[in-house]
Amino acid sequence: MITEVIKRDGRKENFDPDKITHAIFKAAVACGGNDFDIATGLSKKVVKILESRYIDETPFIEDIQDIVEIVLIKSGYARTAKAYILYRQKRKSAREIDALIGATIGMFSNYLDDKDWQVNENANTQKSINAMNNYVREIFTKKYWLYEIYPEEVRKAHEDGDCHIHDLGFFGPYCAGWDLKQLLIDGFGGVKGKIESAPAKHLRSFLGQIVNSTFTTQGETAGAQAWSSIDTYCAPFIRYDGLDFKQVKQCLQEFIFNINVPTRVGFQCPFSNLTFDIQVPRTLKDESVICGGKPVNDRYGDFQKEMDIFNLAFCEVMLEGDAKGRVFTFPIPTININKDFDWNNEVVDAFIKITCKYGIPYFANFINSDLSPEDAVSMCCRLRLDAGKLRKRGGGLFGSNPLTGSIGVFTINLPRIGYLSKNPEDFLSRLRRIAEIGKTSLEIKRKIVENQTDKGLYPYSSNYLRNVKERFGKYWYNHFNTIGIIGMNEALLNLMGKDIASREGREFAIEVMNYLRELLIEFQNETGNFYNLEATPAEGAAYRLAILDRNKYKDIISAGEDIPYYTNSTQLPVNYTDDIFEVLDLQDKLQSLYTGGTVQHLYLGEAIEDIDTCKQLIKKIFENYNMPYISITPTFSICNTHGYISGEYFKCPVCNGSTEVWSRVTGYLRPVQNYNSGKKEEYRQRKKFKVPEMV
1288 MITEVIKRDG RKENFDPDKI THAIFKAAVA CGGNDFDIAT GLSKKVVKIL
1338 ESRYIDETPF IEDIQDIVEI VLIKSGYART AKAYILYRQK RKSAREIDAL
1388 IGATIGMFSN YLDDKDWQVN ENANTQKSIN AMNNYVREIF TKKYWLYEIY
1438 PEEVRKAHED GDCHIHDLGF FGPYCAGWDL KQLLIDGFGG VKGKIESAPA
1488 KHLRSFLGQI VNSTFTTQGE TAGAQAWSSI DTYCAPFIRY DGLDFKQVKQ
1538 CLQEFIFNIN VPTRVGFQCP FSNLTFDIQV PRTLKDESVI CGGKPVNDRY
1588 GDFQKEMDIF NLAFCEVMLE GDAKGRVFTF PIPTININKD FDWNNEVVDA
1638 FIKITCKYGI PYFANFINSD LSPEDAVSMC CRLRLDAGKL RKRGGGLFGS
1688 NPLTGSIGVF TINLPRIGYL SKNPEDFLSR LRRIAEIGKT SLEIKRKIVE
1738 NQTDKGLYPY SSNYLRNVKE RFGKYWYNHF NTIGIIGMNE ALLNLMGKDI
1788 ASREGREFAI EVMNYLRELL IEFQNETGNF YNLEATPAEG AAYRLAILDR
1838 NKYKDIISAG EDIPYYTNST QLPVNYTDDI FEVLDLQDKL QSLYTGGTVQ
1888 HLYLGEAIED IDTCKQLIKK IFENYNMPYI SITPTFSICN THGYISGEYF
1938 KCPVCNGSTE VWSRVTGYLR PVQNYNSGKK EEYRQRKKFK VPEMV
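Each residue of the sequence shown is one higher than the one before, starting from 1288 at the first, in this note's numbering.
Note that these hints are calculated values from the structure, not bench results.
These numbers were taken from a predicted model, which means no experiment stands behind them.
Careful, some of the hints might be misleading.
[Unchecked claim] The list that follows gives simulated cross-link-like pairs (lysine-lysine, PhoX-like), each with its CA atoms no further than 25 Å apart: (1) K1479 to K1761; (2) K1907 to K1709; (3) K1626 to K1876; (4) K1876 to K1907; (5) K1479 to K1536; (6) K1906 to K1876; (7) K1841 to K1726; (8) K1361 to K1331; (9) K1626 to K1488; (10) K1443 to K1468; (11) K1967 to K1626; (12) K1902 to K1977; (13) K1414 to K1443; (14) K1876 to K1640; (15) K1299 to K1331.
[To be verified] FRET-style restraints, in silico, Cβ to Cβ: (16) E1980 to K1581: 33 to 39 Å; (17) D1589 to K1626: 22 to 28 Å; (18) N1301 to V1423: 23 to 29 Å; (19) T1928 to I1436: 36 to 42 Å; (20) T1327 to N1838: 43 to 49 Å; (21) N1631 to Y1840: 52 to 58 Å; (22) D1849 to E1791: 27 to 33 Å; (23) K1592 to P1979: 35 to 41 Å; (24) G1934 to R1569: 40 to 46 Å; (25) P1438 to L1707: 30 to 36 Å; (26) G1760 to Y1431: 24 to 30 Å; (27) L1707 to Q1960: 34 to 40 Å.
Virtual Cβ for every residue (Gly too), placed ideally from N, Cα, C.
With the sequences and hints as input, model every part of the structure.
Below is the structure:
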């Protein structure tokens, strides 16, 4: 006998046959019927079928309604069945509308009352009306990707926590590198009905066009916007305009302040990365200067003096910070260092000085690398798919070489695989299954983005990528499908009880990395598209996946104490050691296996006082390790009254007022107070590195 029924929300309630009778009678009345006894008889047939089918089970409400339809049709009441079906559809639509209204109200309440951790998922955002609108919009966009575009297998993998599909709240590609030479030739614009600027003839104009281009492409791309060789391309304008150091500094001050204005959705600053050559690269030395969109008789190699002025002025503005002494989060400068790098140079000293104080630049290792800075500059011109090997995207964690980038990022939850696997072979088998889901999601996204570019959804990007389209038949041909990993350390602990610092753990981690590299080559052969392997920044994913796993598997091992998180990519636990060179010894092989973004952050307790010490540290690292990218990240604090303070002080040592404590969160500088809960816990556990006295 049926005693209970399961409702749509999973709750159980007492089974009432009269409700079936009344529903059938209501459908009959809609068709002109009025015999309640017939409805009662049909209801009894429904109950009889239910009792024969659900002897030891409780039926769902939808199961009962399906049986009502069958009974009506088989009993010859087709019109009543049709009315009943229409009634069900109307009720379903009404429920969906009610659910949508309820969910929308919930979104606003969650944001306004800080009930959802994702309000602070990204430290680059700040609570505001703009950010609230973006928060609501992103939730709807996520649902569209997951329920309208991706197949169920992909949706379930993300929602259940087997993986994390990044930037689901944005309907576009992930990150992109753009070409300053193209901007010099074309000027800013290329979109019908929108304002256009002629090719720049002056430094201030060119810097303004870079800002405008960054703003517009950021609106079409979820992640970082990168520009290479900015100092080389800007230098000639200094001579042509007859500018002195003070005037150049003023131009750069305007540029840096403008690019840090929160104009992006979510009340964010555009995420920008600039690569500096410091010395004119061989590939550009004999190239004609572009001014006013046309080549002139001068060569870029003739403007080293002006290039030095540009770089010194840039560093001085960055060193001073804003009116409160607060660091400029963007642009993130990347400095390429090769064997011929001139360490005894005032420009290098200037970049090292901002490193010692704030930790602003990234440093790229071309000393122990098979790629040169010149290759990076020219990569967009010669990018060809060799399906038998993986190409490096270039540009580090948040950079990209000109006209390259990433379509999207799919991060694999390694700790869960480690927890569920019986042995290493089972681990690799499960890893392959999730990576295959990643391939499916990225290939679908690539097709969607390419198709929508053709339809005009990304007008500025399509203008900048038009030559790629002409050459290869696709706008986004040069852009990679990016697969990332998270929590290798916790995966090893769950699988074998060894951490990534152990010999056994490190050897298996290297085996996993090589397995993934081979798998991505297989994906390239299969699809004809570029793939790369990234040490995912995972600002929100590190917390989200750990929370899902802890709720699902009570004894799974994660990082963190009361608040769980996963250690980024293949990094050591953040509290493992304060010895820089111990970390480098243990991480060098692993870091060099990535072909997408990766960086080793060296978190320090305070500023480095001596620039020679910092310089020697970087030099020693790059001469002795294959580590592709590093950052030096001193901790510092900002008092609203007294400005910059070296070290961590949540209260100002002068006035005892509250301060902002700044450090890197997954690669960019933000106040610790802005971090999400998982990243705050990670910061709390970090051991700060000690700079060796004798480097």
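Going through the hints against the structure:
no.	hint	result
1	K1479 to K1761	21 Å, holds
2	K1907 to K1709	42 Å, violated
3	K1626 to K1876	21 Å, holds
4	K1876 to K1907	17 Å, holds
5	K1479 to K1536	34 Å, violated
6	K1906 to K1876	18 Å, holds
7	K1841 to K1726	30 Å, violated
8	K1361 to K1331	14 Å, holds
9	K1626 to K1488	35 Å, violated
10	K1443 to K1468	44 Å, violated
11	K1967 to K1626	39 Å, violated
12	K1902 to K1977	15 Å, holds
13	K1414 to K1443	30 Å, violated
14	K1876 to K1640	30 Å, violated
15	K1299 to K1331	22 Å, holds
16	E1980 to K1581: 33 to 39 Å	55 Å, violated
17	D1589 to K1626: 22 to 28 Å	24 Å, holds
18	N1301 to V1423: 23 to 29 Å	39 Å, violated
19	T1928 to I1436: 36 to 42 Å	51 Å, violated
20	T1327 to N1838: 43 to 49 Å	47 Å, holds
21	N1631 to Y1840: 52 to 58 Å	56 Å, holds
22	D1849 to E1791: 27 to 33 Å	30 Å, holds
23	K1592 to P1979: 35 to 41 Å	36 Å, holds
24	G1934 to R1569: 40 to 46 Å	42 Å, holds
25	P1438 to L1707: 30 to 36 Å	22 Å, violated
26	G1760 to Y1431: 24 to 30 Å	28 Å, holds
27	L1707 to Q1960: 34 to 40 Å	36 Å, holds
When held up to the earlier numbered hints, the structure conflicts with 2, 5, 7, 9, 10, 11, 13, 14, 16, 18, 19, 25 and fits the remainder.
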